[in-house]
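Student: Residues per chain are reported as follows:
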Amino acid sequence: MKRSAAPRTRSPVTRPSSRPSSRHLLLAALLGAGAGLLAWGCPSSPPVPADDDDATTPAADDDDTTPGDDDDSTNPESPAAWHPALDDLPCASGEDCADAGPFIEDTCCTLGDSLRAVATGSAAEAVDVDVSPNGRFVALCGGFGARINDLADPDNPVLAATVTSRCQRSAWGPELEDGTLVLYLAHHGDSWVPEPFLTTVHVDPDGDATQVTSESTPGVLYEGLRWHDGHLYVAAHAGGVRVYLTEPEGAPVHIGTVPGFTNAWKLDVGGPANEHLFVADDTRLQVLDISTPANATIVGGLDLVARARDVDAEGDRVYVATGGDGVEIVDISDPTSPSRVATIALEGSAQAVRAQGDLLAVAAWTYVALYDTERLKLIGTEQTRGAGEFEQDFGVDFRNGRVFVAEWERLYVLQHRPGYVAPDIWLTEQLFDFNAEDASTRTTEVINRGPLPLEVSSVTTTDPALTVSASSLTVEPGQRTDLVLTYTPPAPDPASQRLVLQTNDVDPGQIDIELFVRVAQTGQVNVGDSITSAWGFLDPTGQDDVANLEGKVLFLAYFALF
Amino acid sequence: MPDIDQSIWIPYQDDDLLVVGIHPGDDPDLLLDFVEQTGLSFPLVQDQGTRQLLSFPPGVGYPYPRDVIVGKDGVVRSIKNSFDVIEARTLIEELLAE
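Line by line, the protein sequences are chains A and B.
Per this note's numbering: the first sequence = residues 1 to 562.
Per this note's numbering: the second sequence = residues 1 to 98.
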């Protein structure tokens, strides 16, 4: 991730003096547990955004372009032009066709899959995405404010404006008589911008954005937002759900607060006559009657299997993202008595959900999935950043056949193409370490998440010291098989080698997959190794003493931000 | 990372489990910003080079994310670069019971 030299100014909003939030203090306690841990506190300068100057960043390099072949985005009906290997894909038939979508009869033998990336747009540390009601703009909230992209051509988003208020959630409000759209932004307060706030922004038809009001009430941590019928509903953590009366030109007026929440996080309006509010409240789905917004009250609820990350109401169902526990589908035909219909288990971690009709888009952290909710079938997946890239999909919206994804560094636009089917490869391991002096094996599982058979036409390594258990594979839809990599000394030169799989997965970066193999004598950790004094920096007491780790199970999560 | 927080750290933090996020490099501001935007709550450390347990030379691909699970006896039991919550929980519960 490239960075510009000078940090940006944060929000221009003037607010009262700084006050750490309870969330801030909790993290401080955890993070400050030892000398080896990060110090906590308000830094003197924030990090520089990923693409502050769009012309200098990888995201900007890709802006306005298609991740795959240049011509592909403008010719979706000719996917065979995308890659020559597509000519060899099998034709869908029978149940495969029936599972693929309503238009399969016309496209059954057309190659491709139902989700494919067509464009990128501007975002910075994005964690939420919302398309405006008229479909013209998409807002992405992030650490460096809200990026508003113009969707006049939805396959070519153009950055229209940046609102510098740091935010985690957004919601579009009413459209004014002159075509101006109202956008609300929420910030929950943290060490960068300690004061939580609720901001109102006007976005005119040209995409120019003007911040018009900002509210900051002591003790209120603003989080999830939803605007409906002249009212704005705000999830405010333990502070419950706040209800505002919105006026086109002025600040939202607080007219009531609904208590009784553990951690109100995100929310959505739905149910019969759209008179109910569904709130993700820690491990419970809470239902509020909002027929009289000023007197909104909790009228029902349902315990969830895990903490809810997002909630979306569509028709007589509510979809709840619960991280690694998947997506819960809840029947709300009687909103006062919600009942679980099914749970979608998925690879990855469901961070956000958005339904449109009988389709459900899921931001699953490391990829995006699309489900047919009537048949509970997975009908499409896409890794926005391709194999080998660190992908973090936190937000999703779904409009007019396009899925808009808030990935940490940028906006991705995915096209849904009903009836297109393809295999989808998923590997449980993509990096392999071997000790140069010892013969050993490593195993990865090859999983096919798609509705067509996955054909791995060849599996090769770049050095004879490394062999694989199969030269080709076929993995049926939904199935998995082991691929074993064996290392036999002497060590290859260079130490870094590659394992290459040629597949019929049509997603970018999936036709030829290169897995990295390293053979080295030192500096690596393998299963069976014992921890040494070098691990002392994990000592939670801060004494750098590995003895303080004794008797504990350690879960070490290596990750990187670039 | 949010999933590890939700599925591993929060349910097991009162047991004999220590979850630590390890970030390479020396830019705490970048890490802090990520934490606050995503709401991570487990401890994080910077691995600034001298103690890289999982070091990879340039050109060897992208080594992250990568999860290492160590038993109470100090022996590495699992190294994965894809997070399967059921698999991880199963192993952790086995190790906690030892």
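Be a bit skeptical, because a hint or two may be false.
Here are some chain A residues the structure puts well away from chain B; computed CB gaps all over 12 Å [claimed, not checked]: (1) Val127; (2) Asp153; (3) Thr180; (4) Thr213; (5) Ser216; (6) Gly256; (7) Ser291; (8) Gly301; (9) Asp303; (10) Gly326; (11) Ile329; (12) Gly357; (13) Gly401; (14) Glu445; (15) Ser472; (16) Ser530.
Residues from chain A shown here face chain B by an in silico Cβ test under 10 Å; the list is partial [unchecked claim]: (17) His228; (18) Asp229; (19) Ala306; (20) Thr322; (21) Gly323; (22) Gly324; (23) Thr343; (24) Glu347; (25) Trp408; (26) Asn526; (27) Asp529; (28) Leu554.
It is worth saying that the hints were derived from the structure and are not from the lab.
Every value quoted in this text rests on a predicted model; they were computed, and no experiment measured them.
Quick reminder that beta carbons are idealized off the backbone N, C-alpha and C, glycines included.
Student: Work down the list of hints and note, for each, if the structure agrees.
Tutor: Against the structure, the hints come out as follows:
Val127 (chain A), annotated as away from the interface, has a beta carbon of chain B within 12 Å; the closest lies near 5 Å. Every C-beta of chain B lies more than 12 Å from that of Asp153 (chain A), the closest at about 29 Å, which supports listing it as non-interface. Against chain B, the non-interface label of Thr180 (chain A) holds: every CB pair exceeds 12 Å, the least being about 28 Å. No Cβ of chain B comes within 12 Å of the Cβ of Thr213 (chain A); the nearest lies about 23 Å off, and the non-interface call holds.
The non-interface label for Ser216 (chain A) is consistent with chain B: the shortest C-beta to C-beta separation is roughly 17 Å, beyond 12 Å. Even its closest Cβ contact with chain B, about 26 Å, leaves Gly256 (chain A) beyond 12 Å, as expected for a residue assigned away from the interface. Residue-level check passed: Ser291 (chain A) sits 32 Å from the nearest beta carbon of chain B, beyond 12 Å. No Cβ of chain B comes within 12 Å of the Cβ of Gly301 (chain A); the nearest lies about 20 Å off, and the non-interface call holds.
No beta-carbon of chain B comes within 12 Å of the beta-carbon of Asp303 (chain A); the shortest separation is about 15 Å. Taking the minimum C-beta to C-beta distance to chain B, about 9 Å, the non-interface status of Gly326 (chain A) is violated against the 12 Å cut. Consistency note on Ile329 (chain A): stated as away from chain B, and its beta-carbon is indeed over 12 Å from all of that chain's, at 19 Å minimum. No Cβ of chain B approaches the Cβ of Gly357 (chain A) within 12 Å, the least distance being about 28 Å, so the stated non-interface status holds.
Separation of Gly401 (chain A) from chain B is adequate, the least Cβ-Cβ distance of about 28 Å exceeding the 12 Å criterion. Its closest Cβ contact with chain B, about 9 Å, brings Glu445 (chain A) to no more than 12 Å, contrary to its assignment away from the interface. Distance to chain B confirms Ser472 (chain A) as a non-interface residue, since its nearest Cβ pair spans about 23 Å, more than 12 Å. Not every C-beta of chain B lies more than 12 Å from that of Ser530 (chain A), the closest at about 5 Å, which undercuts listing it as non-interface.
Using the Cβ-Cβ criterion of 10 Å, the hint placing His228 (chain A) at the interface with chain B is not satisfied: the shortest such distance is roughly 25 Å. Interface hint status for Asp229 (chain A): violated, as the beta-carbon distance to the closest one in chain B is roughly 30 Å, over 10 Å. Interface hint status for Ala306 (chain A): upheld, as the beta-carbon distance to the closest one in chain B is roughly 7 Å, under 10 Å. Taking 10 Å as the C-beta contact cut-off toward chain B, the hint placing Thr322 (chain A) at the interface holds, the least distance being around 8 Å.
Interface restraint check: Gly323 (chain A) against chain B, minimum CB-CB distance 5 Å, threshold 10 Å, status holds. Checking Gly324 (chain A) against chain B: minimum C-beta separation of about 3 Å stays under 10 Å; hint holds. For Thr343 (chain A), the interface hint is violated, since its Cβ never comes within 10 Å of a Cβ in chain B; the closest pair sits about 13 Å apart. At about 8 Å, the closest approach between the beta carbon of Glu347 (chain A) and any beta carbon in chain B falls short of 10 Å, and the interface hint on this residue holds.
Among the interface hints, the one on Trp408 (chain A) holds; its C-beta lies about 8 Å from the nearest C-beta in chain B, closer than the 10 Å criterion. The restraint placing Asn526 (chain A) at the interface with chain B holds, with a minimum CB-CB distance near 7 Å, inside the 10 Å limit. Contact between Asp529 (chain A) and chain B, as hinted, is supported at the beta carbon level, the nearest pair being about 5 Å apart and thus within 10 Å. About 4 Å separates the beta-carbon of Leu554 (chain A) from the nearest beta-carbon of chain B, less than 10 Å, and the hint is met.
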